[in-house]
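S.K.: The primary structure of each chain is shown beneath.
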Amino acid sequence: MIVTTRSINVDTNTTSDEAYVSVINITPQVHKYAMEEYISNGIVTLFIPATTAALATIEFEEGLVSDFKKIWSRLVPRDIAYKHKFLWEENNAFSHVRASIMGPSLVIPMANKRLILGQYQQIVLVEFDNRARSRQIAVQFMGE
Amino acid sequence: MIVTTRSINVDTNTTSDEAYVSVINITPQVHKYAMEEYISNGIVTLFIPATTAALATIEFEEGLVSDFKKIWSRLVPRDIAYKHKFLWEENNAFSHVRASIMGPSLVIPMANKRLILGQYQQIVLVEFDNRARSRQIAVQFMGE
Amino acid sequence: MIVTTRSINVDTNTTSDEAYVSVINITPQVHKYAMEEYISNGIVTLFIPATTAALATIEFEEGLVSDFKKIWSRLVPRDIAYKHKFLWEENNAFSHVRASIMGPSLVIPMANKRLILGQYQQIVLVEFDNRARSRQIAVQFMGE
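Chains as they are written, first to last, in the working numbering: chain A, 1 to 144; chain B, 1 to 144; chain C, 1 to 144.
If we strip away everything but chain A, and leave its shape as in the complex, we get (with noise of 0.2 Å):
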């Protein structure tokens, strides 16, 4: 068996977006590490090590992510009264809430060397923090 972690590193900035989410693909990332490992079949495991992000798959398509973006908005607002306030600066309870909705994992099986994903489906960093952030993503192989 093979075990190996890799990292993804990614720097957002969700202050210019009017719903404060940001949506990067990392697919083109995950599939050059795939290449690199020497595993046929096995998981990949992404993880966010963050509170105020998320991991998910979607089509990566203009129109789509703003729907998707919009969509947060409507969920869990940013204009509504939270008590998770402690600095005055910070004020982002809303990215928090998103991002425990959202989930930090994905867990993607891969056989004979490739990964399997839909035709249209990426794999998509989803920031919800209002503020400039640098995001490491961490990416395991396991298999063999």
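Quick caveat, the hints were computed from the structure, so don't treat them as lab data.
Since the list can't tell identical chains apart, any single copy or any two copies may satisfy a pair.
Simulated pairs of lysine to any residue, SDA-like, Cα-Cα distance not exceeding 25 Å:
{"#": "1", "residue 1": "Lys113", "residue 2": "Pro28"}
{"#": "2", "residue 1": "Lys69", "residue 2": "Val10"}
{"#": "3", "residue 1": "Lys69", "residue 2": "Ala81"}
{"#": "4", "residue 1": "Lys32", "residue 2": "Glu62"}
{"#": "5", "residue 1": "Lys83", "residue 2": "Phe60"}
As the structure is a prediction and not an experimental result, all values here were calculated from the model.
With chain A's structure known, arrange chains B and C on it following the hints.
M.R.: Then chains B and C, alone, in the frame of chain A:
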């Protein structure tokens, strides 16, 4: 270590459903595969390579399944304005957004040759697309 | 390869909570188990074999936990009409639907004998049921 990857094929159609959601119980097939594999301890990774369907667990009771569908009409309605409409006949942004939030993967541990599932907990495919689809769910066993 | 499966037992009770949600931090127990296992690199799979509770990660701060609970009252309210009521004393369709959306599993990679978790990221059991429950969370280590 053993790694084997199989698939479950399901034809779906949500068009007769008011909420455009279909919930299909795939638990018996996963149990059948688990019995056929020589794995005592490890994981089963389920993954749907698609952007308009998801995987979940739920108590598979008719009233509850109906409640689950209805909530999606509330959370991500069909009748609000979406930008994802590159083909007129599609118009399924709501399907994509629902599937992204639910998520494509599910990992269930196995111990002593048994899936660790609750007594009433069933594994389901949740079809969110607004047209008939043929789905192929990856079911990968990894362990010893 | 090593595979070991353990469990964390938690007694929960949401009945004194306005939103009927209880968030329990299980991170110290997971870290304790991780230190006791002989795994340097691999995954920890957490799974709750239940249909009215879920697993998540969150910054475990009192104000934020309160915000998280409140959002569930907004997303999946208790006081709308549900069909899942086969026993009069249950009436917990909202618990099932919330748990299904949050999800029962969480996979966290380990590298160099450490869980890859964010500095403030805690692993929590989210109890959604409307009566006292005894929960047993599966914690499976797989790696080398």
